[in-house]
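Peer 1: Each chain, letter by letter, is given below.
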Amino acid sequence: MRKKRVLSVLMVMVMAISMLVGCGKSAGGSEAGDKKESKKDVFKVAFLPTDMSLTFASWLASELQTAFEGYDDMELTVIDSKNQLETQLSSMETCVSQGYDYIILLPIEPAAEDDIVQGYVEDGTPVMMINLDDFGVEEASSVIANPYDLGTVVATHAMTLLEEDANVVVLLGPSGNTDSIERRKAYEDIMFQKYPNVTILDEQLGDWEKSKGMDLMESWIQVHGDKIDAVVSMNDAMAIGAYEAAKDAGLADKMMFFGVDGLADAAVSIEDDELTATALQDAKVMAEEGARVCHEVLTGKNEKGFEKVQIPVTLITKENVEEFITRYKENGMLTE
Amino acid sequence: MKLKTKPNLSKYSLILILIGMIAICSLLSENFLTRANITNIFKQVSIVTICAFAQGMIIISGGIDLSIGFLAGMSGTFACIMYVSTGNLLIAFLFGLLLGAAVGAVNGLFVAYFDLPPFIVTLAMQSVCFGIICLYTGGQNVYKIGGFKVLGQSSVAGVIPITVVFMLVMLLITHFVLKYTKFGRYLYAIGGNPEASIAAGIQVCKVKWAAFIVSGLFAAVAGMVMMGRLNAGIPSEGGGFETDAITATVIGGTSFSGGAGTAFGTFLGSIIIGVLNNIMNLMGVDSYLQMIIKGFIIVLAVLADSLSKKQKTSVKIMASSSDA
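Chains as they are written, first to last, in full-length UniProt numbering: chain H, 1 to 336; chain Z, 1 to 324.
Where hints are given, some of them may not hold.
[As the list claims (entries may be wrong)] Derived lysine-lysine pairs resembling DSBU-like cross-links, with alpha carbons at most 30 Å apart:
# : chain 1 : residue 1 : chain 2 : residue 2
1 : Z       : K294      : H       : K82
2 : H       : K212      : H       : K254
3 : H       : K304      : H       : K44
4 : H       : K254      : Z       : K149
5 : Z       : K149      : H       : K247
6 : H       : K329      : Z       : K144
7 : H       : K329      : H       : K82
8 : H       : K212      : H       : K82
9 : H       : K329      : Z       : K149
What the hints contain is simulated information worked out from the structure, not anything from laboratory work.
Please construct the entire structure, taking both the sequences and the accompanying hints into account.
Peer 2: Here it is, written out as structure tokens:
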């Protein structure tokens with residue numbers, strides 16, 4: 001009896017809370033999937049991000065939302081894949097069977113998804129790979145900032161700052177991650193090949209995590225101390241973690257820290273003279289281009305049915321960081 | 001009615017394993033046995049160790065708590081947000097603790113009073129915790145946390161890092177609770193033989209519920225210390241701590257089926273993993289190789305421990321506890 005009562009009270013609470021949360025959401029108007037009453041002449045577009053808990057994916061989703069508001073004949077639904085390839089594939093399947101007119105895919109593993117995307121495209125559902133693409137499907141649209149280019153701009157900038165015989169430590173993303181591999185390749189081609197005297201003291205997987213970057217740097221400082229001239233990291237979080245460790249050891253001023261991603265954390269860090277430089281894949285530009293390509297394909301303006309777009313990447317340093325701080329404050333990624 | 005175990009021997013065997021490792025490591029790298037490096041090891045294990053104390057208590061009582069990592073991430077980040085908006089560290093800290101206790105209470109409610117398997121309840125709670133914080137922040141991390149970082153980046157007397165102080169305080173609390181309180185003894189009793197403890201008049205439900213609340217509190221402390229150390233509120237950083245915590249407790253001699261284990265054992269288990277990670281990084285061992293070596297050494301450590309226990313003590317009575 002008592003259990004039942006407790007349970008029913010609980011359920012009422014859960015319902016009340018979910019109603020509150022639901023209302024809050026639609027009041028904010030930022031979430032997708034709320035627009036249930038779809039008009040017949042509106043194209044249904046699905047966006048399948050990798051993981052909405054990742055800063056970049058959620059930023060891209062909200063920029064896409066904004067971009068789609070500019071078109072009254074398209075509506076966007078966001079379906080999270082929670083970083084599971086399996087989930088993303090079954091969501092794609094669901095979208096096709098539910099008659100979505102267009103799928104925008106922020107792929108988890110592009111190479112693994114190519115064949116399936118190929119199949120859908122051939123069966124008549126156009127697909128766009130956004131942000132990441134291995135160009136495995138000829139007829140799929142693609143709007144990306146090349147991860148290799150991201151590595152290139154930071155590496156090129158780093159070369160102007162570092163001595164030709166600098167000692168660096170390298171922080172990598174998770175094993176097998178395309179972004180990490182491509183960015184690392186750019187460093188190899190741009191910096192390590194051309195400056196053969198640059199010594200890589202050590203190179204480890206930091207799994208994109210700030211705490212791992214911190215732990216690794218603490219150990220490296222034990223072994224190499226102030227011999228380290230620069231930390232070359234494949235993302236910003238690990239680079240900032242390494243900075244925290246160096247600061248703690250009193251060595252931060254003697255070192256440079258290079259990241260990639262250029263999101264709010266990095267902008268703040270550069271402004272505070274911590275991180276030296278980073279590169280940004282601009283989700284706003286990406287979303288605008290994505291919406292344009294999507295619209296042109298759906299309305300038949302694009303006769304081929306696909307378009308491949310590469311958006312430029314931006315180097316962020318102390319010189320131009322102010323502009324990004326302002327932007328991130330405007331779009332709510334930075335609060336103050 | 002003395003089910004309390006005397007795990008002294010297993011404790012010594014762990015110390016021997018650790019001393020052996022330290023001896024080998026100091027031969028392998030001249031940077032190993034320096035004060036700064038030893039401090040690093042303690043710093044790096046401190047947060048996981050706090051989680052492991054919580055996990056240890058739950059495992060001793062025959063349960064498991066998989067929500068620890070994400071709960072730490074959630075309460076730590078919310079505490080950051082609270083600090084940023086109020087500027088009061090005490091309020092932020094208490095708020096974090098409150099969240100931890102609340103989530104723990106929900107876990108405990110379902111496990112103890114609705115008799116659901118703790119594995120499933122806490123697994124579900126992982127996703128709820130992460131969802132709540134991401135919903136609130138919109139997937140963004142919290143930066144510029146200012147004074148909040150004293151919880152993770154300051155030091156006491158200029159020598160001992162605050163994270164280590166937190167770990168040691170939690171160690172003493174856990175030790176005290178397990179050894180000198182009724183609640184602690186009940187945890188062993190419930191984990192060792194649930195039927196007998198009901199027969200003995202222990203309010204099993206209440207004790208289990210309380211255990212999850214304590215676990216939530218510990219996770220919240222770990223989370224806040226972690227965000228202080230990271231100098232940012234990053235909800236995802238807590239993920240995976242629950243399994244690291246399980247590893248530490250089990251290496252530390254806690255019986256996975258409940259009823260046995262100590263705070264110091266867990267502490268040593270965590271240090272052993274920390275030393276292992278540290279020496280491999282000092283030597284620049286390849287990342288992939290590190291994973292393999294770590295796996296093998298963990299199995300070896302547990303094996304050595306269990307062999308020594310079998311030799312030296314008559315094994316404790318372990319009633320086949322029906323996994324609630």
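Peer 1: If a hint holds in the structure, say so; if it does not, say that too.
Peer 2: Each hint tested on the structure:
Restraint check: the Cα-Cα separation between Z:K294 and H:K82 comes to about 28 Å, which is no more than 30 Å; the hinted pair holds. For the proposed pair H:K212 and H:K254, the alpha carbon gap of about 21 Å is at most 30 Å, so the pair holds. Restraint check for H:K304 and H:K44: the C-alpha separation of about 20 Å stays at or below 30 Å, so the hint holds. Restraint check: the Cα-Cα separation between H:K254 and Z:K149 comes to about 23 Å, which is no more than 30 Å; the hinted pair holds.
Our distance criterion of 30 Å between C-alpha atoms is met by Z:K149 and H:K247, whose separation comes to about 13 Å. At roughly 13 Å between alpha-carbon atoms, H:K329 and Z:K144 fall within 30 Å of each other, so this suggested pair holds. Under the criterion of a C-alpha separation no larger than 30 Å, the hint pairing H:K329 with H:K82 is consistent with the structure, at around 27 Å. With a C-alpha separation of about 22 Å, the suggested pair H:K212 and H:K82 falls inside the 30 Å cut-off, and the hint holds.
As the CA atoms of H:K329 and Z:K149 are separated by approximately 22 Å, the hinted pair is consistent with the 30 Å bound.
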